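Chemist: So in numbering that gives the first Met the number 0, the last one in the sequence shown is 202, and the numbering has no gaps at all.
Certain hints may be false.
Listed below are the simulated DSSO-like cross-link pairs for lysine-lysine, each with C-alpha atoms no more than 30 Å apart in a straight line [what the hints assert, rightly or not]:
1. K67 <-> K14
2. K94 <-> K195
3. K14 <-> K166
4. K107 <-> K44
5. K94 <-> K24
6. K13 <-> K162
7. K67 <-> K107
8. K99 <-> K191
9. K115 <-> K14
10. K67 <-> K115
11. K115 <-> K195
12. K166 <-> K13
13. K115 <-> K99
Don't read these hints as lab results, they were simulated from the structure. Here the structure is a predicted model, which means the values were calculated and not measured.
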Amino acid sequence: MLIESGLNTNMAAKKITFVTGNKNKLQEVIKILGVLPGYELTSTKVDLPEYQGEIDHISREKCRAAAKHVHGPVIVEDTSLCFNALGGLPGPYIKWFLEKLMPEGLYKLLAGFEDKTAQAVCTLAYCESPNAEIHLFHGITDGEIVPPRGSRDFGWDACFQPKGYDKTYGELSSEVKNTISHRHHSLEKFRKFLYKEGGDVVE
């Protein structure tokens, strides 16, 4: 099912499908990327398997599975929240931690640790077709876990305070957040890749 269409109305534009069912995530991606000359971004929801393992492995598997459904260029995104005191956990499993604990519980996980620092990590995976090379684009924002404040539209935004700021993601305006977030960093690398400007690309 088509959820959203169009960063570019050029009929000759190359179509790239962003596989997600999260409308908030979709709108944020559109705001960050803006117009992509020569490309059209569409979105569709696909029920993908819940993979386990390291972040990059999960992203590759999801991208390959998505490409088999779409039969064309796709991007998928995985977000991780890594607590340094817990050796990187919850990491890619933050979705399930959040469902059970809520933002308040995430903060309480670190109650016995002085180190409240964390990394918000966005891993964007892109491939042209089911058998094509998979490219990964990583975006990382350092910060710390704090008592929840602000909007909860993006789950754990309320308890993640980016380094150098006195507000959480949930308290920052979208204009500010979209210039410093982990998602912003990965999407900028993806943009550079599309226009052959380099970027953090690995297979």
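Chemist: Return the numbers of the hints above that this structure violates; sort them in rising order.
Modeler: Hints 2, 3, 4, 6, 7, 8, 9, 10, 11 and 12 contradicted; others consistent.
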